[in-house]
Structure formats: structure tokens, C-alpha cells
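S.K.: Sequences and hints are given; from them, build the entire structure.
Here the sequence shown is numbered in the UniProt record's numbering, starting from 1 and rising by one per residue.
Bear in mind the hints are in silico, worked out from the structure with no lab data behind them.
Treat the hints with care, since some could be wrong.
Claimed, not checked - Lysine-lysine pairs mimicking DSS-like chemistry, simulated, CA-CA at most 30 Å apart:
| no. | residue 1 | residue 2 |
| --- | --- | --- |
| 1 | LYS314 | LYS325 |
| 2 | LYS143 | LYS325 |
| 3 | LYS272 | LYS186 |
| 4 | LYS124 | LYS144 |
| 5 | LYS337 | LYS272 |
| 6 | LYS146 | LYS186 |
| 7 | LYS325 | LYS337 |
| 8 | LYS325 | LYS272 |
| 9 | LYS314 | LYS300 |
| 10 | LYS272 | LYS143 |
| 11 | LYS304 | LYS337 |
| 12 | LYS330 | LYS146 |
| 13 | LYS304 | LYS314 |
| 14 | LYS314 | LYS337 |
| 15 | LYS97 | LYS186 |
| 16 | LYS325 | LYS144 |
| 17 | LYS330 | LYS314 |
| 18 | LYS124 | LYS314 |
| 19 | LYS330 | LYS307 |
| 20 | LYS325 | LYS146 |
| 21 | LYS186 | LYS144 |
| 22 | LYS314 | LYS272 |
| 23 | LYS300 | LYS325 |
| 24 | LYS330 | LYS144 |
| 25 | LYS144 | LYS272 |
| 26 | LYS144 | LYS307 |
| 27 | LYS314 | LYS143 |
| 28 | LYS307 | LYS146 |
| 29 | LYS304 | LYS325 |
| 30 | LYS330 | LYS300 |
| 31 | LYS124 | LYS325 |
| 32 | LYS124 | LYS143 |
| 33 | LYS272 | LYS124 |
| 34 | LYS124 | LYS97 |
| 35 | LYS143 | LYS304 |
To be verified - Listed next, with one range per pair, are the computed distances between beta-carbon atoms:
| no. | residue 1 | residue 2 | range |
| --- | --- | --- | --- |
| 36 | ASN279 | ASN95 | 36 to 44 Å |
| 37 | GLU151 | PRO93 | 19 to 27 Å |
| 38 | ARG266 | ARG211 | 13 to 21 Å |
Just so you know, even glycine gets a beta-carbon here, dropped at the ideal spot from N, CA and C.
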Amino acid sequence: MLESLQQKEPPSEFVDVAERNRKNQSHGVNRADRLCQDEDFAAAQEEWEAVQCVEPILRSPHKEDFHKSPKKHIDGSSSSPAKSPAKSSQGLPPNVKITPHTDFDEVWDFFTRQDMSHVMGSIKPTLEQRGVNGLFRSIFGPKKLKAELIEERNLLFAIAQCQFDNNEPIHLQILQTVYKVLTSTKIDCPRFGSHWDVIGFQGVDPATDLRGVGLLGLVQALYLLTHEPLLPLARDIFRLSHDQHSQFPLMVLSINVTRISLQTLREGYLNKECNSRSNVRHVLNQFFTAVLFHIYWIWKTESKTIKDSGFIIKDAEAYCKRNVKTVLQKLQAQLRKYSHDEAEML
Numbered sequence: 001m002l003e004s005l006q007q008k009e010p011p012s013e014f015v016d017v018a019e020r021n022r023k024n025q026s027h028g029v030n031r032a033d034r035l036c037q038d039e040d041f042a043a044a045q046e047e048w049e050a051v052q053c054v055e056p057i058l059r060s061p062h063k064e065d066f067h068k069s070p071k072k073h074i075d076g077s078s079s080s081p082a083k084s085p086a087k088s089s090q091g092l093p094p095n096v097k098i099t100p101h102t103d104f105d106e107v108w109d110f111f112t113r114q115d116m117s118h119v120m121g122s123i124k125p126t127l128e129q130r131g132v133n134g135l136f137r138s139i140f141g142p143k144k145l146k147a148e149l150i151e152e153r154n155l156l157f158a159i160a161q162c163q164f165d166n167n168e169p170i171h172l173q174i175l176q177t178v179y180k181v182l183t184s185t186k187i188d189c190p191r192f193g194s195h196w197d198v199i200g201f202q203g204v205d206p207a208t209d210l211r212g213v214g215l216l217g218l219v220q221a222l223y224l225l226t227h228e229p230l231l232p233l234a235r236d237i238f239r240l241s242h243d244q245h246s247q248f249p250l251m252v253l254s255i256n257v258t259r260i261s262l263q264t265l266r267e268g269y270l271n272k273e274c275n276s277r278s279n280v281r282h283v284l285n286q287f288f289t290a291v292l293f294h295i296y297w298i299w300k301t302e303s304k305t306i307k308d309s310g311f312i313i314k315d316a317e318a319y320c321k322r323n324v325k326t327v328l329q330k331l332q333a334q335l336r337k338y339s340h341d342e343a344e345m346l
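M.R.: Put into C-alpha cells, the structure is as follows:
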């Protein structure tokens, strides 16, 4: 699935969501007809009837409503955001939910308290090279990660081994947050349906796109959308993904960038930055964002299309892993520009 962005063109739905909806109405096509064979789809359709169509324009949420910890908006006795009850909404059907947003810090806190032993045995956090290549790499290759950071690194790889679980509330909460922030909606969307293509998933079930990098693919997208300084960049990338010429499936691209980030960490190219900052997760997230910005900038300034995606991703992976410091600096320069532009508008 990770290769799907490089192998095939995006579905026609990406060209114009509104136009697609008009065509569906004119031909008598509706979501219930398409999903009636599946009970889950039928249930999702009932929920979705209460939600009006929205334009896919990401807006910066109000700080008091979004950037506060979700725990402050829910029952204080809850032990984790995963167990948080959805907000009740007067005037809405009883089967319609408004799940509070979560963020990266909440999710990280959740995973640090979980028993991850069931996946730890299958992670591959480093390259295991033996013989001459191994000796050469040990002498001339990247620095080793500090011992005190190994546990944090391994947890990141363990999260990437975790698959989406419909029975785990926090998994659903992450998915809902990503969708609602990008589309500026408040009501939870159905778990299955064609609406996921609005944010760049392929098919009616986002979990099928996540298999290559597990939950980490969603968690890093969550970081992009809940870290306030990154919101202007997230907005620009989302808009470009819906541009008639440059359109691309955003979430599939994001998942590819998560794969690149993990591989760069595995090969040791992020170790120097991690050691310097005494942190792995923030370096990995910053690098993820830097690679995404690198691809976005090339895509935009060189008027690339989905047909160029394979070459862009391949070149970005090769360049970014060899120039970690440079791409991180370029990202920071762009974020300062966003901050300066916003200050001038005040």
C-alpha cells in the first residue's frame, strides 16, 4: 500500500469533491446504495446523515478549544484519553458523537503506559550488517544512539508495529482528530466510507493504508495537525493536495514520509540530532515534517503532478537522509516565515 502513491493515479474523486457530489445527486447515486452490503457501512450511513458536506479547508482551531489537553474537556476520573466518553450534543441524533480532539503528547503518554511486549520482539530499530560492511559502518558510519535513548527509539518502532484496532478507543480518537482538523468539522465521521478520500486515504477503510507503518503513520499526521506552529504548513499542503493540477492523496503521501522517517532513524542518520537534543520522538517528528515540507516545496515550485510522485519520493528519501541538518534548518526557516507573515497580519 505504501507503494500505491507511486504506482497508480489518484481516484477521480480527488479532482473536485463538490463536483462529485453534484454528479452523484443527479444520477441518483447515494452512499447507502454503495455500502448497503456491509452492516458497518449501513450504521455509518445513519450517523453521517446528520452531517452536512464541508469544503476541505483546514482552519487553525481556537486555542481554547483545541490546544488544551483533551483531558480537561472530559471526565476527570478517566485514566486515559482512550477511555474518554464522547461529548454529548443537544439537538443531535443520539447516534451522532463529538469525540474530543487528542494530540501527540496525549497519545505518547498513552503508549508509554501500555505493555508493548507483544510487538517488541518483531521490531528492527537498527541495521544489522556483518562482515566487512558492518566493520566499515561501525568506523565511518553514523554515531550510535545514546544508551538512555534506546528505549524511546524502540517504542517508536513498536508503535509502527501496532495495527489499527477498532476496539481501541484512542485509535479511533486519533483518526477522528486527523479528519476533523483537516475538514474543520466537529461531528465524528463514519468509520467506513468514501468520505476518507477527502483527506487522501484510498478506499473506504483508512486502516488498509496504514498497514506498512502501523499506528505511527496516523500519530505523525496527528503531530503535524496538533502542533500549532505547523498548522500553516499543514494548511498549505492540504490545499495543494486538492489543487486541480497538483492533486495528490495527502494521507498516502504522509504515510510514505513516515516510512522514510523510520528508515532514516533505523539507519542511524538521526542519531546525532537525537543525542544532541536527548530526545528521539521530537527529532523523528521534526524530520517527518521536514521531509514532507521538502516534497511539498518541490511539488509546488516545479508544478509536479501525481505522475511524478515516484521520482519525487525516491529522490526525497535519498537527499533528506543524507542531509538531515539541512532539511531541518529549511523547515525552521519556513516556520519563521509563517510566524512573521502572521505577525504582519495582526
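S.K.: Out of the numbered hints, which ones does the structure contradict?
M.R.: As far as the earlier hints go, 3, 6, 21, 26, 28, 34, 35 and 37 are violated by this structure, in ascending order.
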